[in-house]
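S.K.: Residues per chain, in single letters:
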Amino acid sequence: MLYYVDLAFNGLVFGCMYALMAVGLTLVYGLLRILHIAHAAVYAFGAYVAVIVANATGAIALGVIAAMGAAAVLGIGIYRFLYAPLLAYPPYVPMIASIGLLVFMEDGFRIAFGEQGLTFARNPYPTQLHEFLGLTVNTVQIAIVVAATVCLLLLASFTARTRIGIGWRATVSDPRIAESFGVDAIKVRYLNFAIGSALAGLAGALIGVLNNFVEPTMGFVVSYKALAIIVVGGLGSLRGMLIASLALGLVESYGTIFVGRFLDRDAIAFLFLIAVLIARPRGLGGMKTA
Amino acid sequence: MSAYVTSVLAIMGINVMLAVSLNMISGFCGQFSLGHAAFYGAGAYGAAFFAAAGTPLPVALLAGVIVAGLLGLVVGFAALRLRADFLAVTTIGVSFLFVGFVRKQPWLGAEMGISKIPASGLGSEGNTLLIIACALVTVAASLYVDRSWMGFAFRAVGDDEETARTVAIPVSSYKLVAFTLGTAIAGLAGGLYAYFTQFIVPDSFGFILSVALMAMVVIGGTGSTLGVVAAAILLTLLPEMFRFINEYRLLIFGGLLVLVMRFAPGGLAGLARALILRLRTS
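As they're listed, the protein sequences go chains V and C.
Here my numbering is used: the first residue of the first sequence is 1, the next is one more, and so on.
Here my numbering is used: the first residue of the second sequence is 1, the next is one more, and so on.
Treat each hint with caution, since some may be false.
Chain V stretches covered by chain C per the calculated footprint, using a threshold of three residues with CB under 8 Å from any CB of chain C [claimed, not checked]: (1) 41–50; (2) 87–101; (3) 223–231.
In short, the hints are calculated from the structure, not lab data.
Note that beta-carbon positions come from the ideal geometry of N, C-alpha and C, so glycine has one too.
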């Protein structure tokens with residue numbers, strides 16, 4: 001029995017990580033209708049920044065904060081120099097460019113930092129165990145769940161209560177009308193990429209700390225799962241995205257136990273995606289906008 | 001021909017077949033598929049399975065074509081229900097699902113792949129000639145389709161599905177035809193590859209290959225058969241001509257994709273067209 005609860009908790013941790021990744025993708029899709037595949041490169045970039053800063057300063061927390069900042073800057077750069085000039089073309093053009101950027105950056109990480117990846121010099125957190133309602137969990141797992149919850153709640157209240165947040169939602173639902181009401185659509189896009197990328201950087205950094213390992217291709221599979229999540233969630237819907245993230249975490253966690261003999265973990269995730277899409281071609285999400 | 005030249009020519013022929021067949025699906029018909037390597041793999045595994053069981057070459061190749069084409073038909077049905085960007089993500093899923101499935105099947109050799117594929121009996125030069133012949137037929141077929149009524153219908157579907165439907169083009173049937181045709185050719189390429197290497201492993205058919213094939217299509221110029229052929233040949237030869245490129249192959253592939261999309265979304269064919277236009281007007 002406890003074993004299944006353990007699995008559920010594990011699924012929850014991964015679900016939270018997917019949610020942090022998928023927020024950025026959902027926001028970018030909602031605003032620009034671009035499948036931002038290079039988001040995975042931002043995630044891996046965050047992990048690299050975290051490990052390098054943490055090893056240089058000795059403080060992992062500092063590394064994680066630096067990762068968020070650096071990822072935000074990278075995200076803004078991607079929008080400014082890659083997507084902004086491509087918005088006039090059909091959607092496959094920015095999508096293919098995005099795949100190109102992902103492949104390019106991942107190989108760049110491999111060439112710059114080596115194929116074997118990097119580890120944290122001093123990282124006590126994954127082995128700090130806590131007893132919690134009979135579950136044994138480590139500090140990083142708790143940090144991931146807490147970080148995802150706090151970030152998503154902050155984001156929700158930001159978009160619901162602040163002026164710029166409301167402008168943001170207005171732009172997502174109808175850019176022209178929002179603009180005629182005086183919302184600066186360009187500023188909204190920058191904000192969008194900054195926040196989404198910072199969260200991806202955070203996810204990458206925390207997963208790096210959890211595994212005590214950062215490697216060039218770490219973003220690859222996660223990115224496609226995050227894409228799968230936003231598609232299953234019904235592109236552009238934050239609520240659907242959240243449900244889909246947690247569901248995928250759980251499906252993977254249990255799936256590896258029950259059908260792991262026939263399919264590997266990644267294949268289970270995509271089988272889930274394809275099954276949901278065939279049953280509901282528009283995804284799970286009900287709401288159209290954030 | 002030296003052994004090296006025959007093997008480079010064989011790989012080139014296979015890449016041409018794959019890129020041209022992907023171009024039929026994505027370029028002509030506008031259905032962006034990022035899982036083409038899975039159909040190639042399905043063909044290779046289908047052919048290898050039958051070849052290892054002792055069937056003659058044509059039967060094994062046909063088996064590969066049928067396996068890949070059937071899988072393509074199934075994915076084509078998914079394409080009927082899904083919007084363009086959903087389809088791209090779903091085909092990525094097909095790519096991962098294929099490798100994940102094959103990897104866990106003991107009867108397909110699991111991680112170790114299938115290694116007891118008998119020789120084709122044609123010799124290595126004969127193999128290469130067969131592959132090149134198939135590649136030429138594929139290119140000719142693609143040029144023919146492009147000029148035919150079917151090619152016109154494909155383009156209509158790719159340009160604007162709703163309008164195509166309004167002028168009574170059966171959009172669904174044409175999408176299925178495009179998928180089945182393109183994936184069956186990829187399956188044939190897979191069967192030829194299985195006979196060529198006599199040894200296949202799941203990782204040869206992964207997502208990276210799907211991306212490389214899409215790179216050939218978009219760098220060549222989406223929808224242009226000759227442009228895609230040129231890009232397939234170029235992208236196969238470049239790493240061979242410059243050894244140092246091989247180490248940075250992915251870096252260069254990725255970089256090229258970004259640069260082509262950013263500065264010349266029409267690809268090589270688009271550049272050539274612009275050049276011809278300029279020469280004519282001046």
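S.K.: Could you run down the list of hints and mark each one as holding or not?
M.R.: Checked hints:
1. 41–50: Violated - the segment 41–50 of chain V has 0 residues with a Cβ nearer than 8 Å to chain C, which falls short of three.
2. 87–101: With 11 residues close enough to chain C, the hint holds.
3. 223–231: As far as the segment 223–231 of chain V goes, the hint holds, because 4 residues have Cβ atoms under 8 Å from chain C.
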